[in-house]
Amino acid sequence: MRQYINRPQYMNLLESYRGSEHIKVLQGIRRCGKSSLLEMLRARLLTEGVPACNIYRRRFDEFGLPLEFTAQQLTDELQRMLSGSDDAQMRYVFLDEIQEVQGWPKVVRGLHTLENVDVYITGSNAHLLSTDLATVLAGRTVTIDVHPLSFKEYLEFTRTLFADRAQLSHDELFADYVRFGGMPTLFALREFNEESIARELGSVYDTVILRDVAQHLQIRDLPLLNRLVTYLFSTSGNLFSTRKIVGALVSGGRKTSAETVESYIDGLMRAFILFEATQFGLQGKDLLNPLRKFYAEDCGLRNIANGFSSRNYGFQLENVVATELRRRGYDVHAGRLRGAEIDFVAQRFDGRTYIQVTETMLDEAIRERELAPLQALHDSFPKTVLTLDRFRLGMTPDGIEIRNIVDWLLDS
1 MRQYINRPQY
11 MNLLESYRGS
21 EHIKVLQGIR
31 RCGKSSLLEM
41 LRARLLTEGV
51 PACNIYRRRF
61 DEFGLPLEFT
71 AQQLTDELQR
81 MLSGSDDAQM
91 RYVFLDEIQE
101 VQGWPKVVRG
111 LHTLENVDVY
121 ITGSNAHLLS
131 TDLATVLAGR
141 TVTIDVHPLS
151 FKEYLEFTRT
161 LFADRAQLSH
171 DELFADYVRF
181 GGMPTLFALR
191 EFNEESIARE
201 LGSVYDTVIL
211 RDVAQHLQIR
221 DLPLLNRLVT
231 YLFSTSGNLF
241 STRKIVGALV
251 SGGRKTSAET
261 VESYIDGLMR
271 AFILFEATQF
281 GLQGKDLLNP
291 LRKFYAEDCG
301 LRNIANGFSS
311 RNYGFQLENV
321 VATELRRRGY
331 DVHAGRLRGA
341 EIDFVAQRFD
351 GRTYIQVTET
361 MLDEAIRERE
371 LAPLQALHDS
381 FPKTVLTLDR
391 FRLGMTPDGI
401 EIRNIVDWLL
411 DS
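Position one of the sequence shown corresponds to residue 1 (the numbering used here), numbered consecutively onward.
Watch out, some of these pointers could steer you wrong.
[As the list claims (entries may be wrong)] Derived pair list, reagent style SDA-like, types lysine to any residue, alpha-carbon separation capped at 20 Å:
#	residue 1	residue 2
1	Lys244	Thr230
2	Lys255	Leu222
3	Lys106	Glu77
4	Lys152	Pro8
5	Lys255	Thr278
6	Lys106	Asp86
7	Lys106	Lys152
8	Lys106	Gln9
9	Lys152	Asp171
10	Lys152	Val406
11	Lys152	Ser241
12	Lys244	Arg292
13	Lys255	Gln218
14	Lys152	Phe162
15	Lys255	Ser241
16	Lys244	Glu341
17	Lys244	Gln218
[Claimed, not checked] Label pairs and their computed distance ranges (CB to CB):
#	residue 1	residue 2	range
18	Gln3	Arg57	31 to 39 Å
19	Asn116	Arg311	25 to 33 Å
20	Arg311	Leu222	20 to 28 Å
If you're looking for bench data, these hints aren't it; they were derived computationally from the structure. The beta carbon of each residue, even a glycine, is placed where N, CA and C say it ideally should be.
Please put together the full structure from these sequences, using the hints given.
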């Protein structure tokens, strides 16, 4: 029997919206744990005494379904479930990977008109979800972005499922987290070794690229798409214009255009395999034509695309911080101030924070380089440098906090 590990951040959100009139939409990259969250909620409902006949759950990407499962088939199944349920109590409908069903929005809209029906849907393509939802379900949904495991969750999964690895230090486990990422599916492996992990990550990568990007955009030039992903992942942490990306691909022997590259990047972001951090001007106005950084949604996927190269470890750390900031609800930007760069300008409803990421601050030249852009800022927002160091941490005389990155990740 499969064991599920609680993810309080998401379960608490689901609980807070439970029973509301909103349609709950869980979106995120494939295999990041959306289905498990629905299964845990279903189990909780049964434990609380909700009759099994009042719960309908269907995964539309599972083996055995018709290849073209239709909206009419879904409607027929739902009508049978509803007719056999206790309509005096809440009925719960879980529709997993709903984008696989042509015409699904009308079915969900119909469910929304019924009394005592609580609807949850998941999807792995933001374009299909956002476009269809905006068309027929505007104002009736609440979206929950689901991400791969945070490092804090990674430790909890490790302690629960791999007792032999739980004896490792936080720093040792963090090194594995940076290398292999936090896809929950890794914890279903019989053996936690590099060969098994690489095979599983390769499967996730291929599924996302083929089903959620290439198939959706009808891309025939898969080598170009894969080359673009590899290039963006290997250079994450660098600022780019579309023109520069096109130039790099052309110089590598791939003929393409700015329009094609933009279309592919948009498809990759909508499939949640990568996200962008646009450049943010800090001199009184935003930049008119900002450059962008691109980060992988999961470091393991970044590394599998690059053959687990150990180069640019600083960029890998930056990727971990970028995904954690998004997990904490921040909009992530790259800062620019009088020619200097700040790794992250993170903005949220409750304010802004500035973050630099570096492997070490023990070298004086590096210390000066990392602190200088933050020292040039003259506002009261928090300023932090994250490092692997365990020494010379704390607050500088000018109010900049130097923290160990592992401690920062666990302080959430």
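Comparing the hints with the structure gives:
1. Lys244 <-> Thr230: Answer holds: Lys244 to Thr230 is near 15 Å, not above 20 Å.
2. Lys255 <-> Leu222: Holds - the C-alpha atoms of Leu222 and Lys255 are around 13 Å apart, at most 20 Å.
3. Lys106 <-> Glu77: Since the Cα atoms of Lys106 and Glu77 sit roughly 15 Å apart, the hinted pair holds (cutoff 20 Å).
4. Lys152 <-> Pro8: Given pair Lys152, Pro8 holds - Cα atoms ~11 Å apart, limit 20 Å.
5. Lys255 <-> Thr278: violated (26 Å)
6. Lys106 <-> Asp86: Violated: Lys106 and Asp86 sit about 24 Å apart, past 20 Å.
7. Lys106 <-> Lys152: violated (39 Å)
8. Lys106 <-> Gln9: At roughly 30 Å apart (the allowed maximum being 20 Å), Gln9 and Lys106 break the hint.
9. Lys152 <-> Asp171: holds (12 Å)
10. Lys152 <-> Val406: With a Cα-Cα distance of about 9 Å, the restraint between Lys152 and Val406 holds, given a limit of 20 Å.
11. Lys152 <-> Ser241: Cα-Cα ~34 Å, so violated.
12. Lys244 <-> Arg292: holds (11 Å)
13. Lys255 <-> Gln218: It holds: about 18 Å lies between the C-alpha atoms, which stays within 20 Å.
14. Lys152 <-> Phe162: holds (15 Å)
15. Lys255 <-> Ser241: Holds. Lys255 to Ser241 sits at ~17 Å (cutoff 20 Å).
16. Lys244 <-> Glu341: holds (19 Å)
17. Lys244 <-> Gln218: violated (25 Å)
18. Gln3 <-> Arg57: 31 to 39 Å: Violated, since Gln3 and Arg57 (Cβ atoms, about 19 Å apart) do not stay within the stated range.
19. Asn116 <-> Arg311: 25 to 33 Å: violated (56 Å)
20. Arg311 <-> Leu222: 20 to 28 Å: holds (25 Å)
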